[in-house]
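Asker: First to last, the protein sequences are chains A and B.
Its first residue numbered 1, the first sequence is counted upward by one per residue in the working numbering.
Its first residue numbered 1, the second sequence is counted upward by one per residue in the working numbering.
Since the hints were made in silico from the structure, they are not lab data.
The reader is advised that the hints may include incorrect statements.
Unchecked claim - Quick partial rundown of chain B residues pointing at chain A, CB under 8 angstroms, derived from the structure: (1) Cys58; (2) Ala62; (3) Asn132; (4) Val134; (5) Pro141; (6) Pro157; (7) Glu158; (8) Gly199; (9) Val202; (10) Pro216; (11) Asn217; (12) Asp225; (13) Gln231; (14) Asn235.
As the list claims (entries may be wrong) - Below, a sample of chain B positions facing chain A; criterion: calculated Cβ distance under 10 angstroms: (15) Asp91; (16) Thr228; (17) Val315.
Here a beta-carbon is modelled for each residue, glycine too, at the ideal position from N, C-alpha and C.
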Amino acid sequence: MNDATGRTAADVTSAPRRSLRRSRGAAVLVACLSTIVVFGLIGWAIVNSSGWPLFQSKFFNADKFFETEPKIFQGLLLNITFFLVAEALVLVCALVLAGMRSLRDPVFTPIRLFAIVYIDLFRGLPSILIIYILGFGIPALQIPGLTSDVYVWALVALVLTWTAYVAEVYRSGIDSVHPSQEAAARSLGLSSFQTFRFVVLPQAVRRVIPPLLNDAIGLMKDTALIAFLGPVEAFRRAQISAYASFNFTPYLVAALLFLLLTVPLSRLVDYLVARDRKRYLAGAR
Amino acid sequence: MERSRSLLDRAAIIPIAACALLFGSTLGVTAQSPEASMDAASMAPAASMAPAVIGPECAKEALVLKNPGRLTLSTDTPAYSPWWAGTAPADSEWAGEFSGYPPAGEGYEGAMSAAIAAALGFTPDETDWIPNTVFENAFAPGPKAFDFHLAQISIKPERAEAVDFSDPYFDSNQAVVALAANAVTKATTMAELKDFKLGAAVGTTSLAFIEDVIQPNTEVSVFNDNATLVQALQNGQVDGLVADLYSGIYMKDVQLSDAVIAGRFDSTQQIDQMGMVFEKGSALTPCVDEALAVIKANGTLQSIYDQWIGGGAAVPVYQ
């Protein structure tokens, strides 16, 4: 079918699409060029600054990089092990704590109070202080039957600290679920606990996955604190190498290895969240 | 627009990859680590041909000092015995239960530095002291706030690339400190030590000794400073700690309860020579070396040794 100007239906629909494709391609090209130009200029300015050779030999030294990398990677395995165990414990304990915090019945007031005090205390104290007190202080008391193993106490200290942060994240998720959800569930005959478990909690947890990932990465970085108690993890190994040679490149190695862990984790979580949203929003957005 | 945005996101990988390549090439191409210029004079102890007298180029007025007319010295805080002694006044930065008072000129390093200052023509009133809290700061590269620093710092080649050292003023061995009840006290050879959990402070030659020479089967425990190291030993979280013999004696006597020196290492396995630390290229180093030669030659250093170190080391040697 031709219209007044002789264009077919196919012409009318394909013409704007072609120019749209062209403008999209142009946009991509412009983006690439401008990024290369800007970062290229910044890079050129840095590399040509007067202190660059000294800075490069002290912080970006390639020989030192490859020399220290194997041992630092071994130390990183300790960080990863600690992180996996601690994160699993934190996710569970924090949920329990958030649940305790969210109890509304007056008879549960002591439990709520305990949760509030716990969260305030462990959020307010610096992690390093808690590690020292638990790692050195409690073994010093020589209480019979209580282990003085530094790994146990380091794990306990990290879990205690991060449970407080993550419990608040869970609580914000729980509070963000609209009250109508609970009202509807109760009117269907679900008990208080069933409402929480089957209606509120699934929605709450899905909403707070990005902040949970935030705290997971924070815990990952905090595992470096176990070095204060003796274990040689990635950053301590980097420190030993750095002090032995007065070169800071080992710290760069440790930092890059950490990024290699956290960045793919972030992308994976982004993907999982996007997939989940697509499922329950069903094309609404 | 959704599709063009995701296309942009994906296409943005190109410039990011380009930047990564740029970064990688700066690592590779400009990877010329500066040649370490080993300053032979600051490494080897001076031959004993040095005259035991201060030459005219080291006269007090001719010295190049951070604060002209005053000698600026430094040591670590807390200033542990037997290297430093004396009691600091309550408001002093040196005050503390375990710390000596450097301006008092007591203790092995305290008395020696006072003797060197006197040989160069400085009275205690003309000497300033800077407390240092991080052990590695002393021998890290860069300009210093002090004329020289002494805190049981061992002369090592990597350190000598960053700073200048004086001639050695003390030879020390490493030793193992342990609680009397611990099984490590039964070990008599280096091989037997491998089965125990040992600890040391970061940045020390003790740590390097454990890792390079003893090479235990369990990972060594590393601590930020001697205070936490001693606490870990007291708690039983390490079987033994390695430190230089005389610091170990102090830890055993004062800081620990029920501790012993389990054994020490002899000079074939390891010997640490302690030296004073100067800024790289300092003009003061030869003059202090001359002053040190003077107090060695006239017996002052030996009497300081007898007074503050004394016998001390009737300790079994690891085979």
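Asker: Failing hints, ascending?
Answerer: 1, 2, 3, 4, 6, 10, 11, 12, 15, 17
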